[in-house]
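Protein chains: 2
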Amino acid sequence: MDNNADKKNLTESHIEQFKKICGEQNVITNEEELNDYAHDQTESLHFLPGVVLKVRSAEEISEVLKICNQDKIPVTPRGAGTGLSGGALPDLGGVLISTERMNSILEIDEQNLQVITEPGVITEVLQDSVKERGLFYPPDPASRGSCFIGGNISENSGGPKAVKYGVVKDYVLNLEVVLPTGEIMWTGANVLKNSTGYNLTQLIVGSEGTLAIVTKIVLRLIPNPKFDLLMLVPFKDVSKASEAVSAIFRAGYTPSALELMEIDALKIVSDFVGSSPVPVTDETVAHLIVEVDGNHLDTLMLEMEAISEVLMQYDCGEIYFADDNAQKNELWKLRRRVAEAVKMDGYTIEEDTVVPRYQLPALIQGVKKLGVEYGFKSVCYGHAGDGNLHIRIKKEGTANSQDDPEIIKSLRALFMLVKDLGGTVSGEHGIGLVQKSFMDIVFTEKQIDLMRGIKKVFDPNNILNAGKIFD
Amino acid sequence: MDNNADKKNLTESHIEQFKKICGEQNVITNEEELNDYAHDQTESLHFLPGVVLKVRSAEEISEVLKICNQDKIPVTPRGAGTGLSGGALPDLGGVLISTERMNSILEIDEQNLQVITEPGVITEVLQDSVKERGLFYPPDPASRGSCFIGGNISENSGGPKAVKYGVVKDYVLNLEVVLPTGEIMWTGANVLKNSTGYNLTQLIVGSEGTLAIVTKIVLRLIPNPKFDLLMLVPFKDVSKASEAVSAIFRAGYTPSALELMEIDALKIVSDFVGSSPVPVTDETVAHLIVEVDGNHLDTLMLEMEAISEVLMQYDCGEIYFADDNAQKNELWKLRRRVAEAVKMDGYTIEEDTVVPRYQLPALIQGVKKLGVEYGFKSVCYGHAGDGNLHIRIKKEGTANSQDDPEIIKSLRALFMLVKDLGGTVSGEHGIGLVQKSFMDIVFTEKQIDLMRGIKKVFDPNNILNAGKIFD
Numbered sequence: 001m002d003n004n005a006d007k008k009n010l011t012e013s014h015i016e017q018f019k020k021i022c023g024e025q026n027v028i029t030n031e032e033e034l035n036d037y038a039h040d041q042t043e044s045l046h047f048l049p050g051v052v053l054k055v056r057s058a059e060e061i062s063e064v065l066k067i068c069n070q071d072k073i074p075v076t077p078r079g080a081g082t083g084l085s086g087g088a089l090p091d092l093g094g095v096l097i098s099t100e101r102m103n104s105i106l107e108i109d110e111q112n113l114q115v116i117t118e119p120g121v122i123t124e125v126l127q128d129s130v131k132e133r134g135l136f137y138p139p140d141p142a143s144r145g146s147c148f149i150g151g152n153i154s155e156n157s158g159g160p161k162a163v164k165y166g167v168v169k170d171y172v173l174n175l176e177v178v179l180p181t182g183e184i185m186w187t188g189a190n191v192l193k194n195s196t197g198y199n200l201t202q203l204i205v206g207s208e209g210t211l212a213i214v215t216k217i218v219l220r221l222i223p224n225p226k227f228d229l230l231m232l233v234p235f236k237d238v239s240k241a242s243e244a245v246s247a248i249f250r251a252g253y254t255p256s257a258l259e260l261m262e263i264d265a266l267k268i269v270s271d272f273v274g275s276s277p278v279p280v281t282d283e284t285v286a287h288l289i290v291e292v293d294g295n296h297l298d299t300l301m302l303e304m305e306a307i308s309e310v311l312m313q314y315d316c317g318e319i320y321f322a323d324d325n326a327q328k329n330e331l332w333k334l335r336r337r338v339a340e341a342v343k344m345d346g347y348t349i350e351e352d353t354v355v356p357r358y359q360l361p362a363l364i365q366g367v368k369k370l371g372v373e374y375g376f377k378s379v380c381y382g383h384a385g386d387g388n389l390h391i392r393i394k395k396e397g398t399a400n401s402q403d404d405p406e407i408i409k410s411l412r413a414l415f416m417l418v419k420d421l422g423g424t425v426s427g428e429h430g431i432g433l434v435q436k437s438f439m440d441i442v443f444t445e446k447q448i449d450l451m452r453g454i455k456k457v458f459d460p461n462n463i464l465n466a467g468k469i470f471d
Numbered sequence: 001m002d003n004n005a006d007k008k009n010l011t012e013s014h015i016e017q018f019k020k021i022c023g024e025q026n027v028i029t030n031e032e033e034l035n036d037y038a039h040d041q042t043e044s045l046h047f048l049p050g051v052v053l054k055v056r057s058a059e060e061i062s063e064v065l066k067i068c069n070q071d072k073i074p075v076t077p078r079g080a081g082t083g084l085s086g087g088a089l090p091d092l093g094g095v096l097i098s099t100e101r102m103n104s105i106l107e108i109d110e111q112n113l114q115v116i117t118e119p120g121v122i123t124e125v126l127q128d129s130v131k132e133r134g135l136f137y138p139p140d141p142a143s144r145g146s147c148f149i150g151g152n153i154s155e156n157s158g159g160p161k162a163v164k165y166g167v168v169k170d171y172v173l174n175l176e177v178v179l180p181t182g183e184i185m186w187t188g189a190n191v192l193k194n195s196t197g198y199n200l201t202q203l204i205v206g207s208e209g210t211l212a213i214v215t216k217i218v219l220r221l222i223p224n225p226k227f228d229l230l231m232l233v234p235f236k237d238v239s240k241a242s243e244a245v246s247a248i249f250r251a252g253y254t255p256s257a258l259e260l261m262e263i264d265a266l267k268i269v270s271d272f273v274g275s276s277p278v279p280v281t282d283e284t285v286a287h288l289i290v291e292v293d294g295n296h297l298d299t300l301m302l303e304m305e306a307i308s309e310v311l312m313q314y315d316c317g318e319i320y321f322a323d324d325n326a327q328k329n330e331l332w333k334l335r336r337r338v339a340e341a342v343k344m345d346g347y348t349i350e351e352d353t354v355v356p357r358y359q360l361p362a363l364i365q366g367v368k369k370l371g372v373e374y375g376f377k378s379v380c381y382g383h384a385g386d387g388n389l390h391i392r393i394k395k396e397g398t399a400n401s402q403d404d405p406e407i408i409k410s411l412r413a414l415f416m417l418v419k420d421l422g423g424t425v426s427g428e429h430g431i432g433l434v435q436k437s438f439m440d441i442v443f444t445e446k447q448i449d450l451m452r453g454i455k456k457v458f459d460p461n462n463i464l465n466a467g468k469i470f471d
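Top line first, the protein sequences correspond to chains A and B.
First residue of the first sequence? That's 1 in the working numbering, and the numbers climb one at a time after it.
First residue of the second sequence? That's 1 in the working numbering, and the numbers climb one at a time after it.
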């Protein structure tokens with residue numbers, strides 16, 4: 001597909017039109033402020049947009065997109081800019097549409113256990129709001145305190161609860177979107193089951209803002225579980241730890257979180273946040289974090305006990321049970337901030353590998369072997385229960401994986417390994433800009449062509465987030 | 001989109017080629033046998049295919065599709081023919097591809113809790129096979145004893161367990177498909193989380209065999225819950241019964257089944273199967289069937305008690321608890337066979353309405369009002385917990401809803417009501433042939449155009465199940 005969009009098409013006359021549509025104060029053109037929208041959490045990438053529009057409604061977006069579509073101006077939709085694959089970066093310049101002002105929770109429907117929200121609501125704010133009504137929206141990426149729910153839809157985010165409760169796609173019932181050609185439409189209906197035509201809702205979820213801009217989101221909610229229990233389990237052998245993960249499910253238990261953290265990651269984040277709630281023995285190489293939740297505390301205690309017995313068969317060390325909410329929060333803080341901490345420690349971007357759960361030991365062993373071969377250090381952590389392992393690498397003398405052919409070579413080898421193990425490139429971060437050069441590892445040209453064809457159906461002039469996911 | 005396919009394109013020379021590909025005994029051309037493939041469970045529709053091919057592999061399908069694509073011969077894929085919307089009917093003649101011989105469960109992967117299966121496996125056989133290993137595949141349409149898992153994928157089937165466990169789409173991880181142009185490809189990876197490109201897997205699920213023919217299916221499994229409890233709850237007021245449905249969830253409980261059955265349906269099916277396990281008082285107008293499941297019997301007892309208390313606030317009658325497996329099976333038999341029974345009693349095809357759960361009372365009241373207005377009797381039953389209500393109507397002197405303009409008019413009024421209540425045309429049966437004339441009620445022309453565009457990307461010559469879902 002030709003990239004028809006061209007940043008040079010953006011003129012002063014367009015800016016004037018946008019001011020009329022969005023209000024003068026919501027059209028940003030000065031470089032200092034534009035700089036705030038030039039990066040996300042994907043390493044050191046920096047692309048200045050031509051203009052930023054802080055839109056307030058689907059109607060405004062529609063008017064803007066009609067102009068951009070007609071004049072072939074590239075458009076980048078953006079949430080909070082917490083993405084890890086560059087999906088919200090305006091690498092072609094042009095118009096950046098920020099949803100930050102579309103930040104209202106429109107309705108918490110307690111009768112139907114649904115919430116209707118705008119895309120610019122912070123995920124944690126949404127979660128807290130429904131929790132006040134006894135309701136639960138489970139998907140919670142590590143960045144939930146700052147990311148927007150709209151961005152979560154675009155990337156099909158997951159987080160630690162996904163192992164029991166599923167990812168974003170499992171909660172989205174219906175979306176109001178604006179098509180690149182300007183039409184405003186809903187993708188489905190606010191119902192729990194739907195076999196009426198192609199599933200446009202699921203097609204938009206995870207499409208990284210390349211098919212449409214999401215302006216309203218209908219999510220199903222579930223009753224909030226009353227209790228949870230948390231434990232931290234040390235292992236001397238990371239393979240044993242990841243074998244134990246699979247064994248827990250085979251024994252018939254589904255934890256509400258099942259995370260793995262290598263000891264280097266734990267040490268770095270403990271230093272970073274100035275807290276180390278657990279004594280760590282010298283021989284510990286990794287921990288599992290295991291949480292169960294439900295409405296009956298007695299049952300949860302029994303489940304924790306049974307899971308502990310499984311874990312002990314895999315040579316775990318002394319299990320640390322979080323006694324109260326303070327201890328639980330302390331542990332979760334470590335897990336949530338590990339990405340930030342290891343990044344500060346010089347590790348490159350977070351790879352988002354995902355394999356069938358039982359292949360975790362092979363994946364971790366493979367990563368270490370590649371480290372020897374290509375001369376990098378690695379830390380692994382992530383959602384072991386889902387087989388979704390985040391891997392960061394560090395190589396002396398290279399700050400940025402994007403610019404280093406050696407690192408790119410080693411990442412390619414990593415993704416080949418992931419593919420060989422039955423896995424794929426991204427479990428919850430998306431492809432965006434930075435992973436698209438690895439798409440050929442997991443997809444044939446025919447598969448990519450189908451995606452390109454779908455893109456063209458939605459966006460004939462290729463103006464919306466062009467060049468993300470695939471060229 | 002023009003329908004380029006033409007049944008007249010099928011020649012003797014094609015039949016000879018198909019015999020070489022599939023083996024002579026697997027190419028059916030005699031009218032008596034063709035008749036077996038001319039209908040499904042959708043009323044009295046009857047369309048004879050030009051030829052039936054009992055294929056055995058993706059490779060055979062690929063060769064057949066290449067020929068049909070080149071010569072623009074219509075192709076209809078077919079599972080067990082238990083569909084309720086005509087999706088597997090060869091209304092354009094041409095080639096019917098039956099997956100009945102592709103009936104192997106290829107691998108039950110106990111390490112990763114996944115099963116890989118061919119499409120022609122009977123759903124109940126699949127469920128029983130994984131259950132033997134302590135694993136659970138929840139989606140179970142009423143026809144599970146005869147329907148194929150491949151058909152379930154095509155229609156995104158649900159069933160009673162969906163209220164807690166979700167529908168087919170929530171279990172499909174990856175699909176091997178043959179495109180109408182003959183390419184064989186996988187849609188994703190065998191992983192629990194996937195944000196790598198557009199979700200082609202979810203696009204195929206529920207696409208009713210119009211985009212590709214599914215040849216291998218990877219499903220995730222969960223640990224089999226050890227216990228379940230079941231109760232039957234009578235109500236004097238159907239609105240109260242359906243209000244109670246919503247209240248159960250608001251009270252914090254998620255039953256593993258929550259079904260509603262109007263008394264007429266119960267009486268008809270009791271007569272039909274020659275069993276009435278529960279005494280029915282004269283004032284009863286509907287029952288709820290409530291099931292909970294889990295690993296701890298004590299907890300389930302507590303939950304049943306708590307749910308009973310909620311139900312009593314909605315004026316239920318005396319609750320009947322199923323004491324043992326025999327009683328549970330008896331009750332489930334009634335529920336599962338109700339469709340068959342009311343059909344024999346002269347009711348027309350099963351409408352598959354779905355609304356937000358709390359709108360159930362309004363939907364049922366509306367149906368009865370329409371019955372007065374249009375002069376039909378109705379029975380309602382279905383998956384109340386999901387807001388998915390099956391409605392069958394009976395009008396003296398009309399046997400077939402397809403041919404009766406008055407019935408079509410009343411169905412249109414019904415779907416307008418469903419739309420007004422925030423619902424849609426099909427929750428789990430699909431659109432196929434018989435519901436497509438109602439698509440304009442819930443979709444705009446633009447939405448249908450997007451679907452047509454997607455269809456064209458997959459099937460440029462419009463050979464595969466052309467004219468299903470939309471014209």
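Derived by calculation from the structure, the hints in this document are not laboratory data.
Some clues are possibly wrong.
[Unchecked claim] Derived DSS-like pairs: lysine-lysine, alpha-carbon spacing no greater than 30 angstroms straight-line:
#: 1; chain 1: A; residue 1: Lys446; chain 2: B; residue 2: Lys446
#: 2; chain 1: A; residue 1: Lys216; chain 2: B; residue 2: Lys131
#: 3; chain 1: A; residue 1: Lys131; chain 2: A; residue 2: Lys240
#: 4; chain 1: B; residue 1: Lys131; chain 2: A; residue 2: Lys446
#: 5; chain 1: A; residue 1: Lys164; chain 2: B; residue 2: Lys216
#: 6; chain 1: B; residue 1: Lys377; chain 2: A; residue 2: Lys164
#: 7; chain 1: B; residue 1: Lys216; chain 2: A; residue 2: Lys419
#: 8; chain 1: A; residue 1: Lys369; chain 2: A; residue 2: Lys240
#: 9; chain 1: B; residue 1: Lys446; chain 2: B; residue 2: Lys72
#: 10; chain 1: A; residue 1: Lys164; chain 2: A; residue 2: Lys446
Evaluated hints:
| no. | hint | verdict |
| --- | --- | --- |
| 1 | Lys446/A - Lys446/B | 27 angstroms, holds |
| 2 | Lys216/A - Lys131/B | 41 angstroms, violated |
| 3 | Lys131/A - Lys240/A | 37 angstroms, violated |
| 4 | Lys131/B - Lys446/A | 37 angstroms, violated |
| 5 | Lys164/A - Lys216/B | 26 angstroms, holds |
| 6 | Lys377/B - Lys164/A | 44 angstroms, violated |
| 7 | Lys216/B - Lys419/A | 19 angstroms, holds |
| 8 | Lys369/A - Lys240/A | 17 angstroms, holds |
| 9 | Lys446/B - Lys72/B | 27 angstroms, holds |
| 10 | Lys164/A - Lys446/A | 34 angstroms, violated |
Checked against the numbered hints above, the structure breaks hints 2, 3, 4, 6, 10 and satisfies the rest.
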